[in-house]
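Q: Protein chains in written order, with the numbering used here: chain A, 70 to 266; chain B, 70 to 266.
FYI, nobody ran anything at the bench for these hints, they're computed from the structure. A couple of the hints might just be wrong.
[Stated by the list, open to error] Derived lysine-lysine pairs resembling BS3-like cross-links, with alpha carbons at most 25 Å apart: (1) A:K160 x B:K139; (2) A:K92 x A:K79; (3) B:K115 x A:K257; (4) B:K139 x A:K249.
There are 2 protein chains.
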Amino acid sequence: MNISADQIKKLRELTGAGILDAKRTLEEHNGDFEQALALLKEKGLKNAEKKAERIAKQGLIETYVHGGGKLGVMIEINCETDFVAATNEFKELAHDVALQIAATNPQFVSEANIAPEILDAQKKQFAEAAAAEGKPANIVEKIVQGKLNAYLKESCLLNQSFIRDDSQTIHDRIQVTIAKLGENIIVKRFARFELGG
Amino acid sequence: MNISADQIKKLRELTGAGILDAKRTLEEHNGDFEQALALLKEKGLKNAEKKAERIAKQGLIETYVHGGGKLGVMIEINCETDFVAATNEFKELAHDVALQIAATNPQFVSEANIAPEILDAQKKQFAEAAAAEGKPANIVEKIVQGKLNAYLKESCLLNQSFIRDDSQTIHDRIQVTIAKLGENIIVKRFARFELGG
Numbered sequence: 070m071n072i073s074a075d076q077i078k079k080l081r082e083l084t085g086a087g088i089l090d091a092k093r094t095l096e097e098h099n100g101d102f103e104q105a106l107a108l109l110k111e112k113g114l115k116n117a118e119k120k121a122e123r124i125a126k127q128g129l130i131e132t133y134v135h136g137g138g139k140l141g142v143m144i145e146i147n148c149e150t151d152f153v154a155a156t157n158e159f160k161e162l163a164h165d166v167a168l169q170i171a172a173t174n175p176q177f178v179s180e181a182n183i184a185p186e187i188l189d190a191q192k193k194q195f196a197e198a199a200a201a202e203g204k205p206a207n208i209v210e211k212i213v214q215g216k217l218n219a220y221l222k223e224s225c226l227l228n229q230s231f232i233r234d235d236s237q238t239i240h241d242r243i244q245v246t247i248a249k250l251g252e253n254i255i256v257k258r259f260a261r262f263e264l265g266g
Numbered sequence: 070m071n072i073s074a075d076q077i078k079k080l081r082e083l084t085g086a087g088i089l090d091a092k093r094t095l096e097e098h099n100g101d102f103e104q105a106l107a108l109l110k111e112k113g114l115k116n117a118e119k120k121a122e123r124i125a126k127q128g129l130i131e132t133y134v135h136g137g138g139k140l141g142v143m144i145e146i147n148c149e150t151d152f153v154a155a156t157n158e159f160k161e162l163a164h165d166v167a168l169q170i171a172a173t174n175p176q177f178v179s180e181a182n183i184a185p186e187i188l189d190a191q192k193k194q195f196a197e198a199a200a201a202e203g204k205p206a207n208i209v210e211k212i213v214q215g216k217l218n219a220y221l222k223e224s225c226l227l228n229q230s231f232i233r234d235d236s237q238t239i240h241d242r243i244q245v246t247i248a249k250l251g252e253n254i255i256v257k258r259f260a261r262f263e264l265g266g
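Please build the complete structure, drawing on both the sequences and the hints.
A: Next comes the structure, spelled out in structure tokens:
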């Protein structure tokens, strides 16, 4: 079996796994990259879920200004210790998230930040539009779910495709850093000002 | 009559008046600095009021991050043209305002941005506190006004004393730049994030 350094490197980039962990998982799956990736992502997700309970009050306020002052973004991104907040990997994550917000203009951090009234109003609007098109009731439900997912993917930062690698969502991008740095990480809030907007 | 270059310089700093205007006003008042200052301020205010009607949609998004990422401020400050937005004087004003917000944590840009409910609740609270102390009704009103003014001076950016020169309010600081640059200038909005806050 031939496991290349490139495979291990790519696997680590996409999951945040350690070298030995990435190598062993590839070996155990006869070098099948996709299988190893799926397994390590699942493992990372479980670890991240365990960490999600931990209090994250350290971190960074990061800003990004574009176009000579025409557009600005400010975020608060939290981790557990100021040691991790000072690492390059955490700073890179903060920068990536600020860039993403500048480029894509999300309305919320995650679905949990949307007021129930707003979500209900969206669902109602999607259902009425589908019904107006004469779709049968059993199809309307599926259409609503599909449109709702598209709405969340557009309006929620964590659900968005990462602009620098659209194989990942922003949620995935954060998970990778959680796996690498071993701390809970949360995007707490953001503001985005566009001149005259 | 002896009018010094220092007097003219100081007068210009405090009012944004031109050299000739500052000199002439001093001459007309026999070198009385305080009289000239009061007159030029009033004149500047009238000019600024005229300009306040003009549409200000250009400007800058300015950010300021303090303490290595522990505290961040982002503001939108508007003027009328991108020519003025690119001047050092406008940039300095933007920076001064961002620093002010970082230092003093105002809640609103100006009194006009306070929701009437909040203002009413504050007044009620001040009146009840004064009444509870057994103050007579005719005094309560004066106490409420005094406490309200103190509240506005603390919570509204424009009413605050400028941290780098407490002889001016932030409103005054902006008026000086309006007088210098000849355009309407507005602090439109700001955000202030404190880590874990």
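Q: Now, for every hint given, state plainly whether the structure supports it.
A: Evaluation of the provided hints:
For the given pair, A:K160 sits about 13 Å from B:K139 by alpha-carbon distance, which is consistent with the 25 Å threshold. Note on A:K92 and A:K79: the hinted pairing holds, with a Cα-Cα distance of about 11 Å set against a maximum of 25 Å. Between B:K115 and A:K257 the CA atoms are separated by roughly 44 Å; this puts the pair beyond 25 Å, and the hint is violated. Of the supplied pair hints, the one linking B:K139 and A:K249 holds, its CA atoms being roughly 23 Å apart against a limit of 25 Å.
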